[in-house]
Amino acid sequence: MKIVVAVIKPFKLEDVKETLEGAGIHGMTVTDVRGFGRQKGHTEVYRGAEYQVDFAPKVRLEIVVDDDRVDDVVKAITTGASTQSIGDGKIWISPVEQVIRIRTGEKGPDAL
Amino acid sequence: MKIVVAVIKPFKLEDVKETLEGAGIHGMTVTDVRGFGRQKGHTEVYRGAEYQVDFAPKVRLEIVVDDDRVDDVVKAITTGASTQSIGDGKIWISPVEQVIRIRTGEKGPDAL
Amino acid sequence: MKIVVAVIKPFKLEDVKETLEGAGIHGMTVTDVRGFGRQKGHTEVYRGAEYQVDFAPKVRLEIVVDDDRVDDVVKAITTGASTQSIGDGKIWISPVEQVIRIRTGEKGPDAL
Amino acid sequence: MDTGDTAFILVASALVMFMTPGLALFYGGMVRSKNVLGTIMQSIFALGLVSVLWVLIGYTLAFGPDVGGFIGNLDFLGFKDVGATPNDALAATIPHVSFATFQMMFAIITPALITGAFAERMKFSGYVLFTALWLIVVYAPMAHWVWAPGGWIRELGALDFAGGTVVHINAGIAALAAVLVIGKRKGFGQGAFIPHNLTMTVLGTGILWFGWFGFNAGSALGANGLAASAFLATNLGAAAGACGWALVDARKERRSTILGVASGAVAGLVAITPAAGFVGPLPAIAIGLIGGVVCAWAVGLKFRWGYDDSLDVVGVHLVGGLVGALLTGVFADLAINEAGADGLLAGGGFGLLGKQFVAVGATLAFSFIVTYALLKLIDATVGLRVTEEEEVTGVDLAQHSEVGYSFSESGSFTTAHQATPSAGAAQVPASEGSGI
Amino acid sequence: MDTGDTAFILVASALVMFMTPGLALFYGGMVRSKNVLGTIMQSIFALGLVSVLWVLIGYTLAFGPDVGGFIGNLDFLGFKDVGATPNDALAATIPHVSFATFQMMFAIITPALITGAFAERMKFSGYVLFTALWLIVVYAPMAHWVWAPGGWIRELGALDFAGGTVVHINAGIAALAAVLVIGKRKGFGQGAFIPHNLTMTVLGTGILWFGWFGFNAGSALGANGLAASAFLATNLGAAAGACGWALVDARKERRSTILGVASGAVAGLVAITPAAGFVGPLPAIAIGLIGGVVCAWAVGLKFRWGYDDSLDVVGVHLVGGLVGALLTGVFADLAINEAGADGLLAGGGFGLLGKQFVAVGATLAFSFIVTYALLKLIDATVGLRVTEEEEVTGVDLAQHSEVGYSFSESGSFTTAHQATPSAGAAQVPASEGSGI
Amino acid sequence: MDTGDTAFILVASALVMFMTPGLALFYGGMVRSKNVLGTIMQSIFALGLVSVLWVLIGYTLAFGPDVGGFIGNLDFLGFKDVGATPNDALAATIPHVSFATFQMMFAIITPALITGAFAERMKFSGYVLFTALWLIVVYAPMAHWVWAPGGWIRELGALDFAGGTVVHINAGIAALAAVLVIGKRKGFGQGAFIPHNLTMTVLGTGILWFGWFGFNAGSALGANGLAASAFLATNLGAAAGACGWALVDARKERRSTILGVASGAVAGLVAITPAAGFVGPLPAIAIGLIGGVVCAWAVGLKFRWGYDDSLDVVGVHLVGGLVGALLTGVFADLAINEAGADGLLAGGGFGLLGKQFVAVGATLAFSFIVTYALLKLIDATVGLRVTEEEEVTGVDLAQHSEVGYSFSESGSFTTAHQATPSAGAAQVPASEGSGI
Ligand SMILES: Nc1ncnc2c1ncn2[C@@H]1O[C@H](COP(=O)(O)OP(=O)(O)O)[C@@H](O)[C@H]1O
Ligand SMILES: Nc1ncnc2c1ncn2[C@@H]1O[C@H](COP(=O)(O)OP(=O)(O)O)[C@@H](O)[C@H]1O
Ligand SMILES: Nc1ncnc2c1ncn2[C@@H]1O[C@H](COP(=O)(O)OP(=O)(O)O)[C@@H](O)[C@H]1O
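Residue numbers (my numbering), protein chains in the order written: chain A, 108 to 219; chain B, 108 to 219; chain C, 108 to 219; chain D, 71 to 506; chain E, 71 to 506; chain F, 71 to 506.
Hints are computed from structural coordinates only; laboratory data are not their basis.
Do not rely on the hints blindly, as some may be mistaken.
[Unchecked claim] Below are the BS3-like pairs computed for lysine-lysine, each with C-alpha atoms no more than 25 Å apart in a straight line: (1) E:Lys254 / E:Lys446; (2) C:Lys214 / C:Lys147; (3) F:Lys446 / F:Lys254; (4) E:Lys322 / C:Lys147; (5) B:Lys109 / A:Lys214; (6) B:Lys109 / B:Lys214; (7) B:Lys182 / B:Lys109; (8) B:Lys214 / C:Lys109; (9) B:Lys109 / C:Lys109; (10) C:Lys109 / C:Lys182; (11) A:Lys214 / B:Lys182; (12) B:Lys109 / C:Lys182; (13) A:Lys214 / B:Lys147; (14) D:Lys322 / B:Lys147.
[To be verified] The calculated label-pair distances, taken between Cβ atoms and stated as ranges, are: (15) A:Arg145 / E:Gly259: 23 to 29 Å; (16) E:Phe427 / F:Ala159: 43 to 49 Å; (17) F:Ala409 / D:Gly421: 51 to 57 Å; (18) E:Thr451 / D:Arg324: 15 to 21 Å.
[Said to hold, decoys possible] Far from chain F, by Cβ distances over 10 Å, these chain E residues were calculated: (19) Asp72; (20) Asp145; (21) Asn157; (22) Phe194; (23) Ser195; (24) Ala297; (25) Trp375; (26) Tyr377; (27) Asp403; (28) Leu404; (29) Leu414; (30) Gly421; (31) Phe427; (32) Ala435.
In this text, all values refer to a predicted model and were calculated from it rather than measured experimentally.
Built from N, CA and C at the ideal position, the CB exists for glycine as well.
Chain A on its own, in the form it takes in the complex (with noise of 0.2 Å):
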């Protein structure tokens, strides 16, 4: 199995998770991160004087998948996420030797 990773602008996680129903993935995990890369943050002004904020606020989604579904996750990805301009984001596929559910103890592909 695989986990893919992937860094994508906040505002288009409902698309993704749509694109990702689409090809039949349901389950995911989420979190609030920060990136830093070629993308700038924002600006900022207080009192008086212009601040380069140096991140951009970021989701991080993790989806552990069978080895054979890796292509299409990362496809409803890309399809989902993609705005053509900088800071898009990005994705990383990474092994994984072993999948448990908790409530069950099922393990492997059976336990996505």
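Here the structure of chain A is known, so what remains is to put chains B, C, D, E and F with the ligands in place on it, guided by the hints.
Relative to chain A, chains B, C, D, E and F with the ligands alone:
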């Protein structure tokens, strides 16, 4: 070494911490996350209209352990987090190639 | 490719960002987390009773890098995050099989 | 001049002033956190802008000596002759300047009420222009008609103790015009826009309730039995409104909500406003209760009819104002206030009710038409709406370069490079943050 | 009738009304965030419920013409004859309706005070029933005994300027009865229940302190030297209470805390309440200081004795009220208020102190027994406590289907599927969110 | 004695008291979240400490019978002879105790204003000692000079209606002395210290604006035409200040900010304070506007000159106070207040302006020198500044063992092991949390 990641119900964190301590594990990193899965979120009412919230609040634990402790850790989490009801969460295990303790520079199992 | 995950003290984030930039790393994803470990949390007083908080606030960094940059990244983090005191945190390294930039669809090291 | 009356009206003026920050919080808590400052700003800035305009021009148009029943003349331009002695025609026992200041506070909160309707998508520049012009072309004439000696609605004998038509129906129907011109928020109808901080909304409600004593009891223009009676009616309107809305919630959703109780209190306050000085305690309870129940139902209309009134200005202020204005014609009682009239249930027949209908109808028509035209004009010139990108980003960052909250543990790091305060600032494109 | 007195009591009534939202915030900040709305609701809803009940029945039981020293008759049912002219027996210089409204505000906050004790585990329906009944069977009689002409404690000559027995001891001992009936929160004694927002608690403290001027100085029922003296005593009670608690904290924990200062101010205000119109500035400082110190110690008792008084209503209101009632017997001074009496230190001997003991004892016994019985009754019928699952989820979601805060960056996404507002809503099982 | 006047001053006192919690929130919202409680504490604790000290010693030094134009004698020690009847020399129509209490509220907020300058790095013990001593050696003499019969600045004929010199310039220049002694925060000049909760700052602004009516209109010491005029001027000062700062923001950054509007309102209020009872509405607008514009520019000076005045006490209170004091010499008008004088534009020539300069100069010199010496003394004994480790941790945990907010879903878990409340507590080293 391995990293054990678990997504559990927030109010079970204290129990899991205790079972983990029972299993001799004293370090972990915890994040507040939102979980999407079979368990649906709660219902909210807003000026007379009802809405279904899509996610359930969860906490995510990360525990880096030596290979031979993985089963104990999984067992401790399963024991501590189980309520036998939908949404108890998942555990997944991935490989870790190296661990470093920043303070001392120690590497490998010694760094835990 | 690899993913380097580091858990550090929050007030060291700025220093680490600088040492990472010094090492030519410009992208990362940051999460506010709570750390449990040797370092105990602080003490709070609530209407005359003292309580020990179990965790210490930490930030967690994720940096995806090409294999040959891992050592530089670890060094940069260690340098930036170290205060030589308990709770400075940990770094761990895991394999990454693929990276995709959402905006362009680029893959592999080019996506970073 | 009476020191007790003066003391009371000075304090009442302070209370009404305090309602506007209260409204800012009431509204601010209901939007999404990325829009909290922009929403608050639209109330707070009215305190600045309208205060100044009221002195310069607004007051004289509203309360200057009557011209044909429709407007005041320019005698009080720049508060000329608005001094420390009473103006007997307006308020005989307090300094004229105190009356004019008390009225200023009403003029501030009325346009602020409207802003709840177009929250989360309005340009700040468009809002400023709208507020300034609306004060002059809509509010000042309406205040003249209803409250100034010679104003045609006042002469007609329609009753509005503390602003049912001038403030609430006026703001409510203007809100409807505004959302028709400005259009819906991105995502309206698809999901919920969940309030980001209901504790803030409750605090705002508390401040509004508190300040409303100045609004209504202060409208007696003295510390007398009438003020005491209006004070009680105000509290009962709020209380019964809260109970009414809670009952509807409990019936419909099997549970009461704090937002319902807060909204019901405000709805009850709106409904009791025109009646406060004309009815006794039991009618006050009835008016509040009906206000709460009807408004609880009315806030659902926007989903059915598809207009995006973000924070229910129509459902609460327009509908609550209508309920109150008409029930004044039902419950008003000369035994409570001999300057009033007897309504339907006090044996006065349909006479008063008829006048109330005329007053309401005139307000609806005048305010809707002029507001609509005004907004179309502004839309075509300065523009009303933020870009879609800015709406997604949130108006706080997009329009004000600020964020409401910054709780992160490592927050001190959130910004690192300070542009040289004076010179370099201009180089950073301000729109950079858009499209997060 | 006097316009200055009327102005003052109207404003004082508004100030006391404002205390209840203040209390909502004071309490709300101290609970865990999942219970903040439920806690706030239990104060805010009292504003609605008690206002209405007070008009209908409460006032006449408390202040209607005396029946045997124990209760008022029904002359003022529905505020009949409570009009714009003074009732000389109650307050000779202000409209009767103004006196009745001022008293209404006391009747609202007293049951709200109790709610801090059972915070984080009470059912809303049980709370509503309890508040309504408690107002009638406990509060109204107590108010009659102490403040109404003919009330037996008043006739006895015991002193309670602004509600030491009627409000604070009464609410405090009822709180103790309540926690004994309702039981501890899950987890009590194992860890701390850390306040989720101390800034909210401080704001609540500020509002309480501000409103308490209306509570105490307003109890002079006029804008006179006595009101001025009570005003000063109130401020000094709060100030010295804050200092007292801070000193205890500093001695015990080597640092002062903001919660300690806030709690100390409230404790000092509680302690000075019965004495405010009977003592000069230096005794006021003494009473506040002693109140702060004793309450700082008393809040630890719940851990020792094992009752779960969530927000220390017993430790602050019961204990602070006792301190104040008894010290009134020590410090009261005819030189300050000739309608009062001389206490122990003013050379009046033990007479007054003895009467204070009687008043306190009667309050403790009556309120504890009736409250206990009432709660047992409600527990057996409607039920008092949420389920364990609901307690874990938090009362906000479980009882009100709302959450206090929603700060997430992607918050607009938090809910996506709107049930058709009218019809479909009922299909979603409301308990679904439980057991998160 | 007049009940209307008394009612007004009692309420005004309550309003001024409420400003201090307002200030706590105004300041609290602007710091980083780890310092919010410590910052709030430095205002709230002043309510406790200064109230007590004012009774014991402060009042008599300020308003006791004059000794040589410089200080009051000890006749009013412990509020001796400060009773329910008027003191004709101080305020002829209200109880003496009411005047003394009103003045108490000014004495509380003045040192609290200073705390914004050294926010985020001050030791609590050092703050307590500083506040107590500063009240006695700086505030009380200054109040005597300007407001007490016989005080040399009052006798000179310089005008300060409600505290431009005594409160704002005094606090502002003391703030400058303080930051010079205490030094910069770690990180000053490298990045921004972004306000953690601007909604709190706006709420604080609303409370300050509301309370300021008591501050300025109350300074008329009666409910009369002068009070009404000062009330209006106050509102216009705030309003025009908000507009002024917003204009500067809009010109400089191409957008207005809510912090700018809030800061501008406060700057306008500061500027109008000395003038409130001496000028008509149009000059009030001018003074507010100039105050807003000049302060918007002045807050940038700290970056240029490198002093770390955390929350701009110098930029707003010192500079705004100077603007107001001098413009009083320009705009004061005998037509508004015959107890005043004609300023430059009212045809009074440079006479008044000259006196204003003398008053300002004396305030600057006296307050700066004594404050500086006092702080050096405290620094050398108790210490002023937290350790660097504590500064990094935040003063909330380091100095008070508390955190402002605890919103986490799993928050109930945040603390698990309760030290036995009484005994064991002392074993846990309190500094453990440092260096997070
Ligand atoms: N090397 C990296 N490791 C982990 N996360 C990264 C890395 N580089 C970028 N990111 C994440 O991806 C986000 C988007 O990257 P950015 O360079 O801004 O734009 P783009 O995705 O268009 O290349 C960043 O905000 C950050 O959260
Ligand atoms: N494929 C997945 N990848 C990552 N996290 C998942 C996945 N599926 C579920 N989760 C996480 O596990 C939590 C529990 O899953 P859910 O399907 O609700 O119940 P259960 O654990 O009983 O199967 C979810 O809230 C989510 O956080
Ligand atoms: N086994 C582990 N797995 C994951 N994270 C850990 C583990 N042990 C410690 N951590 C993280 O590292 C942080 C620092 O660890 P700690 O034991 O306190 O000090 P040190 O880093 O000096 O050894 C912890 O707060 C926690 O976030």
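Outcome of the hint check:
1. E:Lys254 / E:Lys446: 16 Å, holds
2. C:Lys214 / C:Lys147: 42 Å, violated
3. F:Lys446 / F:Lys254: Judged against 25 Å, a Cα distance of about 16 Å means the pair holds.
4. E:Lys322 / C:Lys147: Satisfied, since the Cα-Cα distance of roughly 22 Å is no more than 25 Å.
5. B:Lys109 / A:Lys214: 17 Å, holds
6. B:Lys109 / B:Lys214: 14 Å, holds
7. B:Lys182 / B:Lys109: Given pair Lys182 of chain B, Lys109 of chain B holds - Cα atoms ~15 Å apart, limit 25 Å.
8. B:Lys214 / C:Lys109: With Cα atoms ~17 Å apart, Lys214 of chain B and Lys109 of chain C stay inside 25 Å; holds.
9. B:Lys109 / C:Lys109: Between Lys109 of chain B and Lys109 of chain C the Cα gap is close to 15 Å, so the pair holds against 25 Å.
10. C:Lys109 / C:Lys182: 15 Å, holds
11. A:Lys214 / B:Lys182: 13 Å, holds
12. B:Lys109 / C:Lys182: 22 Å, holds
13. A:Lys214 / B:Lys147: 22 Å, holds
14. D:Lys322 / B:Lys147: 22 Å, holds
15. A:Arg145 / E:Gly259: 23 to 29 Å: 53 Å, violated
16. E:Phe427 / F:Ala159: 43 to 49 Å: The hinted range 43 to 49 Å holds for Phe427 of chain E and Ala159 of chain F, with Cβ atoms some 45 Å apart.
17. F:Ala409 / D:Gly421: 51 to 57 Å: At roughly 53 Å between Cβ atoms, Gly421 of chain D and Ala409 of chain F fall inside 51 to 57 Å, so the hint holds.
18. E:Thr451 / D:Arg324: 15 to 21 Å: Hint holds: Cβ distance 18 Å, inside 15 to 21 Å.
19. Asp72: Nearest chain F Cβ is 5 Å from Asp72 of chain E, so the label is violated.
20. Asp145: Its Cβ never comes within 10 Å of chain F, the nearest being 29 Å, so this holds.
21. Asn157: 19 Å, holds
22. Phe194: 21 Å, holds
23. Ser195: Holds, because the least Cβ-Cβ distance between Ser195 of chain E and chain F comes to about 25 Å, which exceeds 10 Å.
24. Ala297: Violated, since 6 Å does not exceed 10 Å.
25. Trp375: 12 Å, holds
26. Tyr377: 14 Å, holds
27. Asp403: For Asp403 of chain E, whose nearest Cβ neighbour in chain F is about 12 Å away, the distance exceeds 10 Å, so it holds.
28. Leu404: 13 Å, holds
29. Leu414: Check passes; 20 Å lies beyond 10 Å.
30. Gly421: About 25 Å separates Gly421 of chain E from the closest Cβ of chain F, which puts it past 10 Å; holds.
31. Phe427: The claim holds: Phe427 of chain E sits with its nearest Cβ about 29 Å from chain F, beyond 10 Å.
32. Ala435: 30 Å, holds
The structure fails to meet hints 2, 15, 19 and 24 from the earlier list, while all remaining hints are met.
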